[in-house]
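Asks: Sequence:
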Amino acid sequence: MASGVHAMTQGEFQYRLAEPRRDELGALMADLDHLAETLEQGRSARQRWLASISHELRTPTTILTGELEAIRDGIRPLDLEQIDSMAAEVARLRRLIDDLYQLSLSDVGGLRYQFAPLDLAELVKQRIASFDEAAKQAGVAIALTLPESVPLHGDATRLQQLVDNLISNSLAYTDPPGRLQVSLSVRSKQAVLVFADSSPGATEDECQQLFEPLYRLEPSRSRRAGGAGLGLAICHNIVVAHRGWIRAEPASLGGLAISVSLPIR
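In my numbering, the protein residues as written are 5 to 269.
Hints may contain errors.
Within a straight-line C-alpha distance of at most 25 Å, the following computed DMTMM-like cross-link-like pairs (lysine to aspartate or glutamate) qualify [stated by the list, open to error]:
#: 1; residue 1: Lys193; residue 2: Glu216
#: 2; residue 1: Lys193; residue 2: Glu126
#: 3; residue 1: Lys193; residue 2: Glu210
#: 4; residue 1: Lys129; residue 2: Glu152
#: 5; residue 1: Lys193; residue 2: Asp168
#: 6; residue 1: Lys129; residue 2: Asp159
#: 7; residue 1: Lys193; residue 2: Asp123
#: 8; residue 1: Lys140; residue 2: Asp159
#: 9; residue 1: Lys193; residue 2: Glu137
#: 10; residue 1: Lys129; residue 2: Asp168
Honestly, the hints are just simulated from the structure, not real lab data.
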């Protein structure tokens with residue numbers, strides 16, 4: 005056991021004791037093996053995270069570099085079309101940086117929450133209404149089912165961010181003409197908010213990974229509007245801060261159903 009702990013301090017997380025015992029020492033060995041496995045998974049996740057961030061940053065910077073070099077070398081003229089193209093890549097970088105900042109804050113508990121009584125039904129209704137034009141442009145029809153009132157104790161700004169991220173996710177990754185059904189109900193002192201859209205969908209295994217940072221389904225739900233796959237990870241942290249849970253599963257409409265449960269007041 006001493007050798008195993010020493011190996012882990014040197015970063016050798018693949019070390020396993022794996023000695024079958026049914027006493028206290030056997031339990032301790034099993035815990036050490038579990039610790040080593042957890043540390044190994046954490047290191048792998050951190051490496052994937054860094055690789056994903058590098059990839060996300062590389063794409064827009066490569067495009068910007070190519071366009072600027074083409075303009076400098078006289079291959080392309082500096083006109084409004086080129087400026088708009090470069091502005092779009094800069095906006096994409098800004099969204100990625102903002103999302104990474106929000107996610108890092110929420111991961112370390114740095115997001116500020118101001119909890120107060122609110123009506124979740126009214127909040128959802130207002131946020132859905134603000135997406136009417138975006139839904140028309142995306143070719144997605146939104147159906148809304150709400151009770152008259154759902155009292156909640158929460159942070160209105162963060163819950164608006166939660167709803168906005170979930171709506172944006174559905175509009176960005178639903179094939180037109182598509183449908184999005186948003187429903188809110190009260191079950192066993194829990195407010196249950198469901199966003200269910202039409203195809204493309206996801207498998208059960210894929211649904212389990214949707215809330216991991218920078219994860220996107222390929223190719224059916226690949227990035228279309230510059231998203232970085234951070235919105236659902238931020239949603240997860242907001243829901244946890246409100247002592248609730250969030251999960252994803254295949255929807256009956258053929259797409260994805262994301263359910264959020266929050267304790268009501």
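Asks: Hints broken by the structure, by number, lowest first?
Replies: 1, 3, 8, 9
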